[in-house]
Amino acid sequence: MGDGRINEQILNWIKINSKDDKIIEDFLKDLIYEEAEHTGQWRWKDNYRKKIKKCSDEWEN
Amino acid sequence: MRIKKIILSNYRQFKDIEITFTKKCKSDLHIIIGKNGTGKTNILNALNWCLYYDEPHLSRNSQQLPLINLQSVDEAEDGENKYVKVEVWVESTENRYFIFTRKAFYIIYKNGKNEKHPKKQHTEFEVKYTNEKGNTNIIQNEEADFFVERFVPKAIREFFFFDGERLDNYFKEATAERIRHTITLISQVDLLENKIERRLSDILKEFRKEAGKENPKINDTRINLEENENSFASTEKQIKECKDQIDIAKKRIKGYEEKLREIPDIESLEKELNSLKISKKHEKETLYNKIEEKQDLLFEYGKNIILWPAIKNSIKIIEAKRKNKEIPPVIDKKLIEGILKNEVCICGRRLDDNSKKRVADLLDEIKLSSGIVIQLVNMENPLYLIKEGIKEFRKKNYNLTRDINNYNKILEGIEEKMNQIDGKIINFNSKKIKEWYEDSKKFGKIRDDNQKNLGILEERKNEFSKNIDTLNEQLKKEIQKEKKIIKIKKQIDFCIKSLYIVEKTKEIIREKTRERIESETNKIFFKLIWKKRTFKNIDINQDYNINLIHSMGYECLGTIGAAERELLALSFTLALHTISGFDSPILVDTPVARVADEHRENLGKIFSKVSKNKQIILLFTSAEYSKEISKLLDTENSSRFNFKLSENEKETRLEMI
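Keeping their order, the protein sequence lines are chains A and B. The first sequence runs 73 to 133 under the numbering used here. The second sequence runs 834 to 1490 under the numbering used here.
Do not rely on the hints blindly, as some may be mistaken.
[Stated by the list, open to error] Part of the chain A face toward chain B, derived, beta carbon under 8 Å:
id: 1; residue: Ile78
id: 2; residue: Gln81
id: 3; residue: Trp85
id: 4; residue: Ile86
id: 5; residue: Asn89
id: 6; residue: Ile96
id: 7; residue: Leu103
id: 8; residue: Glu107
id: 9; residue: Trp116
id: 10; residue: Arg121
id: 11; residue: Ile124
id: 12; residue: Lys125
id: 13; residue: Cys127
id: 14; residue: Ser128
id: 15; residue: Trp131
In case anyone wonders, no lab produced these hints; they're calculated from the structure. Here a beta-carbon is modelled for each residue, glycine too, at the ideal position from N, C-alpha and C.
Throw the hints in and build the complete structure from the sequences for me.
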């Protein structure tokens, strides 16, 4: 049983592919953990939007 | 992870049964033996029913019966509440327990004929587990499903809970899409693909829509972009369907090729058989002619052959007479007899006593009469001619007999060849083979048509992709120009970049997982296979097609035996377990059902070996659990059970052996 653990490879490759964009890296990792915890129905849209708004504010394009 | 116990209450044949799988020796191997109809396969169904709320291995018989045990229905009062319960106790390596319980509630009613009928009410599902601190938690229904997914995900359960009878078609039926799906699941790429990517895309669309509200130009471009994106997605779907069709057609063609490779060239064998039939007819005709010739010869020489001993004797006599100079005659016997009778010589002089005696002696010397001698002389030449004829007969008879024997041998040879060809052909129904050729051609056409279509679709997809790039660029510029929506613009860019990273990560992970599963499957298969030199490697290609490569270099998945296919399935499963981290047990119903006798032992050894590191539960029929298997596994198992059906056949009881 995975005990809710995430495939480490996913986290590693998110890091590599994000290059030095720490905000996007953390944002995606956060979503991964969140999705792994929620298997049934949940209010993902609000959650996603909030995170995007917050992260994009801090984000330097 | 291992199954500690399964508790069944009123589930089908099982009124009240608890099967505890305690590991008592090095092998975590557990065996359940039962005759057909005792409900062995329903253990597999019970496990599926408890965890996934379905019974994929239900027999036709069981399908017609209610889930609830018939004995318990019989015993119930009218209106009494009863429930079916299946509990699966799972034990983790850290000695933590997860107890999965599914209950289905029933009310038993009596009808007018006094027959009892169960009416299903509702179902409950829960998981009870101990957390790291040792506290017990109970989670119900949808949330409990989450724990099932962490034990054995529903989508890949068939790689954990097998039905041996279906294993024969395991990889034959497994399309590339199924393996791709499995890889997506075990690598958790589905989390990126079906959750994060999809949701980010939806939100991106919403942001663009919001931006469009500020400027109609942006909105027009957005609508155009979305239309292109939808067309792109639908084309991709069509491409996938097209590829699936090609994949299926290729697999079917390969299957036919493998089947046809195994059979002899029936067409040329049939040609050979026909030419042998013609030769046989011809040789037979010649043989009959020779026999007839011999019969004529015998008829011609028959009398002489029958008389041959007398003829031979006559010749002998004549030859002897000649030797004795009795032939030809020198003195006429009758003349001498006359002289002796008249006592007068041919010169007229009377014979004195002395002369008489001399003439009498001469008469004694002449034994044959000259008539007989003449007859003998007359016979001599015809007899010699007959002798010559007999010589000729012998020669002709010898030659004819030799020819007849030769033709008989030739015919025997033809007959043997014909039998050999018949033997080769008899196992193959030539009508069926022709059908295979035709079907193979049909699938060839399907493949070619889809390949053409694929080309067109790929081109269309590229066009949509270019349009999307252009429109994205255009939209970006338009949004850039709009000062009021700086924030939304940033959010859109953020989503786009996040989606790009997710997409890239997804592909890398999927590919790496494919490579790892391929390598691990190879490692396990070649460690376990008893034929070390027959196979070269297992290949899971870029399109997720699994193939076993023969040492001669050709793909041989379609032609391997059931035992090898089962081992391949087992190796693939064990590889999935390793890569996915789902260290769950393996349960196999009728594990050697399709396996030839000589390989059952090999497979038994493999199960025993694997059970040193993983829990294995095997459900055997009594016939399957042969002497050889019993000799091998009796000492290797941790527990062994026997299922016995009650006399009224409504309940199965468990006996520990």
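A quick look at each hint next to the structure:
1. Ile78: holds (7 Å)
2. Gln81: holds (6 Å)
3. Trp85: With a minimum Cβ separation of about 4 Å from chain B (threshold 8 Å), the hint on Trp85 (chain A) holds.
4. Ile86: holds (5 Å)
5. Asn89: holds (5 Å)
6. Ile96: holds (6 Å)
7. Leu103: holds (5 Å)
8. Glu107: Hint holds; Glu107 (chain A) Cβ to chain B Cβ min 5 Å, cut 8 Å.
9. Trp116: holds (6 Å)
10. Arg121: holds (6 Å)
11. Ile124: holds (6 Å)
12. Lys125: This hint holds: Lys125 (chain A) lies near chain B, its Cβ roughly 6 Å from the closest one there, short of 8 Å.
13. Cys127: With a minimum Cβ separation of about 6 Å from chain B (threshold 8 Å), the hint on Cys127 (chain A) holds.
14. Ser128: holds (4 Å)
15. Trp131: Check passed: Cβ of Trp131 (chain A) comes within 6 Å of chain B, closer than 8 Å.
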